[in-house]
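Using the hints, put the two chains back together into the complex; each one sits in its own frame.
Listed here are the chains, written in short residue letters.
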Amino acid sequence: MYIYIYDSFVNESKNHKIIASIETRLTDLGLNGKIYRLGVIKSITSLLDEEIKKGAKTIIGVGNDFLFSQIINSVIKISEDSSIVPIIGFIPIGKNNDIANYFGINLSNAHAVISARRVKSFPLGKVNNNYFLSNVKISTKKTIIDINDRYQISLNEKNEAFVINLPISPKMENIGLDYEKLKLFIKNNSSGYFSNKSQTDSLISFQTIKVFDSNNTALIDNNYYLKSPFEISQSSKKINIIIAKDKKIIE
Amino acid sequence: MFKKELSEKIKEAKTIIGHSIHVKGDFVGDGDVVIEGSVNGTIKTSNFLYIGDQSKIVADIEAGDIKISGEITGNIKINSYAEITKTAIINGNISTSEISIEKGAKINGNVHMNGKPAIE
Numbered sequence: 415m416y417i418y419i420y421d422s423f424v425n426e427s428k429n430h431k432i433i434a435s436i437e438t439r440l441t442d443l444g445l446n447g448k449i450y451r452l453g454v455i456k457s458i459t460s461l462l463d464e465e466i467k468k469g470a471k472t473i474i475g476v477g478n479d480f481l482f483s484q485i486i487n488s489v490i491k492i493s494e495d496s497s498i499v500p501i502i503g504f505i506p507i508g509k510n511n512d513i514a515n516y517f518g519i520n521l522s523n524a525h526a527v528i529s530a531r532r533v534k535s536f537p538l539g540k541v542n543n544n545y546f547l548s549n550v551k552i553s554t555k556k557t558i559i560d561i562n563d564r565y566q567i568s569l570n571e572k573n574e575a576f577v578i579n580l581p582i583s584p585k586m587e588n589i590g591l592d593y594e595k596l597k598l599f600i601k602n603n604s605s606g607y608f609s610n611k612s613q614t615d616s617l618i619s620f621q622t623i624k625v626f627d628s629n630n631t632a633l634i635d636n637n638y639y640l641k642s643p644f645e646i647s648q649s650s651k652k653i654n655i656i657i658a659k660d661k662k663i664i665e
Numbered sequence: 017m018f019k020k021e022l023s024e025k026i027k028e029a030k031t032i033i034g035h036s037i038h039v040k041g042d043f044v045g046d047g048d049v050v051i052e053g054s055v056n057g058t059i060k061t062s063n064f065l066y067i068g069d070q071s072k073i074v075a076d077i078e079a080g081d082i083k084i085s086g087e088i089t090g091n092i093k094i095n096s097y098a099e100i101t102k103t104a105i106i107n108g109n110i111s112t113s114e115i116s117i118e119k120g121a122k123i124n125g126n127v128h129m130n131g132k133p134a135i136e
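Residue numbers (the working numbering), protein chains in the order written: chain L, 415 to 665; chain E, 17 to 136.
Since the hints were made in silico from the structure, they are not lab data. Among the hints, erroneous ones may be present.
Each pair of labels, with its calculated beta carbon distance range [said to hold, decoys possible]:
1) K491(L) / E118(E): 55 to 65 Å
2) E118(E) / Y638(L): 17 to 27 Å
3) P643(L) / D42(E): 17 to 27 Å
Note that the coordinates shown come from a computational prediction; the quantities given were computed from them, not determined experimentally. Glycine is no exception: its CB is placed at the ideal position from the N, C-alpha and C atoms.
Here chain E stands alone, though its shape is the one from the complex (with noise of 0.2 Å):
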């Protein structure tokens, strides 16, 4: 159920930042965001927010829910919910209320759910 909608977020997504692009500077999204391109400083929205695989992010990042399949460097502070899956490379420390990591992620920071360090 939840996969599917979040298939739909990524679908709809408001803004969405392309494969080809660069960003530089602090972005904040409107409504649900796409990232298949790269980010350099620091990311925020409210909502969804979806990293791609090929994606290369240098930022912290604060959203709504995430999934992740890219690579990250930075602090990633989530409301809600938090989906690394198998592609995703994550440098840096993940703040969630719910998460789930597929087999084959790569985590290198401490997991806190609810602000609590459940994984180190």
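Looking at chain L on its own, in the form it has when it is part of the complex (with noise of 0.2 Å):
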């Protein structure tokens, strides 16, 4: 069974005809399903509960990175207490889509990819109790960042720090990707953005980081803010996305 979460912006009657538009190519290829839209819904995490012990298989959220983020976060929180862990979809709508984007999902082959469903499995980091895709944010206001209790690091503000799972946004493209273990990118402000693996920068692999200093921040997937101590590590979970077809996969 299909459950389709909409994002609120999504009911904007500037988006009504590309929403008709999907219905119809979804009901065409057999892939309707119930559709929930936020606003009206208490939380995401208590509907997806109930849709899951109701036997949902799989869960489209229609919306953007905010909206896929909270579901991410929702099916892996839901399925520490099942053996059952849905498949997740997206239909990207609007700006800041860099996950559906990164999965190879756009609006116009959305219902195409959700049709074929090649389904792969990701790794989540985890901060303290709680997951992440992406990347976590840590800022760096005099941070000391441990590293797998063997030695330390020291911030400043004139760096920016990034625990990064799956280089999502198209700036960290550059960075070398290995699923199995995170990586601790460290930018200094004086050179590019992401722009290469420039030496002014550090790459970092690790199995696990901590922050005891109680003064610094998490911004966990662009998404939500947690306040240290925290301790970043990859998570034993994987979530299931389905993917478009030609979306190169690192085995």
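And the structure:
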């Protein structure tokens, strides 16, 4: 059973034609399902919890990165107490759609991608008890990061620090990727922004990093903040996502 | 040939400690390592290690190969090849199988080839 979650902005009148067209194509492909529109429902997590218990196997987000991150976090939290991890798909609408773009999905091919149902598992990172798919931005005001319980790195406000799981932002595409380890990318603001693997920037693979100081924050998947102290590590949990047929994935 | 390989290794390094970064503790690199910042403690990698010309290292070092252009205070143990450039300042002993030292480099310590003292 398909569950479609529409972000609240999707219901704006300017999107009515787009949504009608998508719904027609999905119906033609036999992919119709139950639709929930945000703004009316109380919370995504409680909604999905109910639907997954009822047997929902596929959750499709219709919106942008903000909604997709919420769905991913909700699905993973729910699946902690369940053996079933539903498959997640995306129909990107409007701006801020790096997540869908990363998986090769756009507005015109989204219905075909869902129909083809090429499902891949992706590892997640973990910050305390929260999960992330793409990255965590760590504040750098007098920040000391403990890495693998072996050494420490001092940061200052001239740095920007990101823990990267999947380099979903196009700005991060030059960063080498292996799915086995998280990477700490530290940008020196005197150099180009993710322009290349500049030697003035830093890149470190790690198992665990800790920030003990209580004055720092972590921005999770460009979505919400956590206050320090926090610990970041690779999670053993994976998320199943429907991706485009031509999206290249390192196996 | 080997110089070309070195420049490629630097470009494709898996671990980079940038100019503004200070590391304290036992640093273990993943794959080839470039250090342009400062390190206090120890440095270990079984692969290639590049110490940039602005880096200041107070650490004992173990690596597969090394190219040194910065300042190191500590003993250096290399499995294969050590390249010391003209800007390098080394206060400590070097143990390696092969070495090249460019004119202008400063080494205050012993150089051991395959564990045997070659220059004192």
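*Can you let me know if the beta-carbon spacing of E118(E) and Y638(L) is within 17 to 27 Å?*
violated, 52 Å
*With 17 to 27 Å as the target window, see if P643(L) and D42(E) comply at their CB atoms.*
Check passed, 22 Å falls within 17 to 27 Å.
*Starting from the hint 55 to 65 Å, judge whether the C-beta atoms of K491(L) and E118(E) obey it.*
holds, 58 Å
Hint 2 from the earlier list is the only one contradicted by this structure; the remaining hints agree with it.
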